[in-house]
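Protein chains in written order, with this note's numbering: chain G, 33 to 365; chain Z, 6 to 367.
Careful: at least some of the hints might be erroneous.
[Claimed, not checked] Here's a subset of chain G near chain Z, in silico, CB distances under 8 Å, partners left out:
| # | residue |
| --- | --- |
| 1 | 102 |
| 2 | 106 |
| 3 | 110 |
| 4 | 145 |
| 5 | 230 |
| 6 | 348 |
| 7 | 354 |
| 8 | 357 |
To be clear, the hints were calculated from the coordinates, so they are not data collected in a lab.
Don't be surprised by glycine CBs; every beta carbon is placed ideally from N, CA and C.
Residue-level listing of the chains:
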Amino acid sequence: MSNSQPDNQPEVLRFGQALNRALGDAMRADDKVFLMGEDIALAGGPFGVTRKLLDEFGENRVRDYPIAEASMVNLAVGAALGGYKPVVEIMFMDFCTLAMDALVNQAAKAHFMFGEQGPVPLVLRTPHGGGLNAGPQHSQCLEAWFAHIPGLIVVCPSNAADAYGLLRAAINDPNPVVFVENKRLYSAKSDFPADPQPIEIGKARTARAGNDLTIVTYGNTVHLAEQVAKERAEQEIDIEIIDLRSLQPWDESAVLTSLSKTHRLIVLHEATEAFGIGAEIAARMADIGFDELDAPIIRLGAPFMPVPYSVALEAEFGPNADQLNAAIDRLLL
Amino acid sequence: MQERVAQFEVDHVGFLDASGQVLEDLPEDIADLEVIKQGYRSMVLTRLFDARAINLQRTGQLGTFPSSLGQEAVTIGFSLAMQPNDRLVPSYREHGALLCRGVTLCELLLYWGGDERGSDYQQARKDFPLAVPIATQCLHAAGVATAIKLRSEPQAVVTVCGDGATSKGDFAEALNVAGVWQLPILFVVTNNQWAISVPRESQSHAQTLAQKAIAAGIDCLQVDGNDLLAVEYASRKALERARAGGGPFLIEAITYRMGDHTTADDARRYRDDDEVSSHWQGDPVARIRSYLVEQGGWTKDQEEALQADCQVELERAVADYLAVTPQPASAMFDYLYAELPQAYEGQRQQVIDRAAEGKTDE
Ligand SMILES: Cc1ncc(C[n+]2csc(CCOP(=O)(O)OP(=O)(O)O)c2C)c(N)n1
Ligand SMILES: [Mg+2]
Chain G
33 MSNSQPDNQP
43 EVLRFGQALN
53 RALGDAMRAD
63 DKVFLMGEDI
73 ALAGGPFGVT
83 RKLLDEFGEN
93 RVRDYPIAEA
103 SMVNLAVGAA
113 LGGYKPVVEI
123 MFMDFCTLAM
133 DALVNQAAKA
143 HFMFGEQGPV
153 PLVLRTPHGG
163 GLNAGPQHSQ
173 CLEAWFAHIP
183 GLIVVCPSNA
193 ADAYGLLRAA
203 INDPNPVVFV
213 ENKRLYSAKS
223 DFPADPQPIE
233 IGKARTARAG
243 NDLTIVTYGN
253 TVHLAEQVAK
263 ERAEQEIDIE
273 IIDLRSLQPW
283 DESAVLTSLS
293 KTHRLIVLHE
303 ATEAFGIGAE
313 IAARMADIGF
323 DELDAPIIRL
333 GAPFMPVPYS
343 VALEAEFGPN
353 ADQLNAAIDR
363 LLL
Chain Z
6 MQERVAQFEV
16 DHVGFLDASG
26 QVLEDLPEDI
36 ADLEVIKQGY
46 RSMVLTRLFD
56 ARAINLQRTG
66 QLGTFPSSLG
76 QEAVTIGFSL
86 AMQPNDRLVP
96 SYREHGALLC
106 RGVTLCELLL
116 YWGGDERGSD
126 YQQARKDFPL
136 AVPIATQCLH
146 AAGVATAIKL
156 RSEPQAVVTV
166 CGDGATSKGD
176 FAEALNVAGV
186 WQLPILFVVT
196 NNQWAISVPR
206 ESQSHAQTLA
216 QKAIAAGIDC
226 LQVDGNDLLA
236 VEYASRKALE
246 RARAGGGPFL
256 IEAITYRMGD
266 HTTADDARRY
276 RDDDEVSSHW
286 QGDPVARIRS
296 YLVEQGGWTK
306 DQEEALQADC
316 QVELERAVAD
326 YLAVTPQPAS
336 AMFDYLYAEL
346 PQAYEGQRQQ
356 VIDRAAEGKT
366 DE
């Protein structure tokens, strides 16, 4: 998959390829790592993330699971308690709903209830997000549900390098990790380091430095923020973008540091705005960052509405550049 | 001491061989030729529809679409056995059945084109819309059957799921409650040998999928799913029994998914073309046509007229579909709640205002 690169040129990789490479490297590094999911073996996964892994690692370590999300994740909890490191794929984040008992009552609680004998080093990979005309049951962003559960770790990368680094870290992590991948990112290309390393969970990244206003976001909306920031730079508006990368735990100090510099904050995500990740960040900053604020904190997410199936309706289903620009105007003009 | 406390058998039923020849004497109450002709027309229309829908998707005029190519005898077969006031609770590959139930071609196209108005069936208002989350519909069907039973009405429910769906807890749990409560429900398992890329053997080590009913105390039958006569007959018997208070039944219909899983899939990644082409031998449409020719004197002229008639009906529906104007974006708020709570009025107004701004900008 890696075509030969001229020396010193950073490699450019698709998000999905980076995940594929992280899985392969993790499996080579630790024979306790194995994969389960629907259509991940011969078919290589619905979005191609597990492509060719069956060839290298065989059917013991790359397993097509019968269609049964609840049992797959509960079995993974058992395998993790039994000393393995299962990485399970749920084809669409919407179907995590079927595995909620496994995640919320079992994976998240085992260590708490059983102590040292109960670590659950399991990773659940799953794609979220709309924009693909996939309808209300195949487009949701449900990460806030998992971030709300003590005992779970939640990450959501925005580019190939972070996808690799965070997935390696997630697999190494002794806790259950929900690893969220935005569907529209799979084919997006970005720079990839020559010697990629695990990335510490819980650390944000400054995607763009600026002085006038901070946008905190994660996943695919990092790119929306970057696009808008670039346009606004022409009007001398200097936007800083914090890519959270980890949602639980999230990097409070990175956000506070940025807020202390810009004094204005927008929290942006594709997920439903009401009761979302943005609500948590905004409330926290209103508390510990109150003295730094020159304006109210704005949250920008999806309306309180299922993702519509209709192309015409989904096109108007935010958050989009217009809405982000309007929020920026509200804070600065 | 050891003694046998239970013993089970699963029968397979088929009336026609692959070429449409009658295998043995047909039961006296086999579907009459007029019913079979009606079923044959639906099968032809469904096959044309599948091809046309794929063509529309390839040209960017339809969303992701799951063809039922090769499975027409299953979906039409059980539909022929249904009474108008029975209830259908289908999965996503059952547009053949929906057509029989009075859903229009245009409604089907609207739905697969991403316009939810397509699920607002003008006929068949008590049938359920397509279920895409796997096997969830089996439990909904059990709920509908419970309602029917509570009202003591002589009706039955048909629910359909795939071979892959039988792996889910929902399926097992639906069977279990249907058995305990003796619900008026027919479970049709369309065993088309594949669940996307996963073959039937990888879903279950059980010899048949039909036998999953036995564990719930439900009678079952395996049926040649490419034999319209057999599917119709077995379904009719099961439904008559259910309506009369005889409880649930399960039919495993053996067929084959001749096409890709959906237009988003390329089955060559995981199965041989040879395997696929060998299954054309069992083609359910050709098979029932041979039967009609032999037993019903079906002529070449009748065949040509039928094909032409179905084509016209289909193209008219495609034209209607393409002429439908998309809803305004604010329509997304119309059905969120029975009535939009005042708290969300502001959101709707924003969408309306944005649309109005867009128009004045032009
Ligand atoms: C709960 C759930 N898990 C996974 C999927 C993704 N998915 C869609 S179709 C399908 C295969 C279903 O196979 P089968 O039940 O045999 O039906 P067929 O497609 O062959 O008609 C899967 C896994 C889904 N829609 N719902
Ligand atoms: Mg199947």
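Can you name, in rising order, the numbers of the hints this structure does not satisfy?
2, 3, 4, 5, 8
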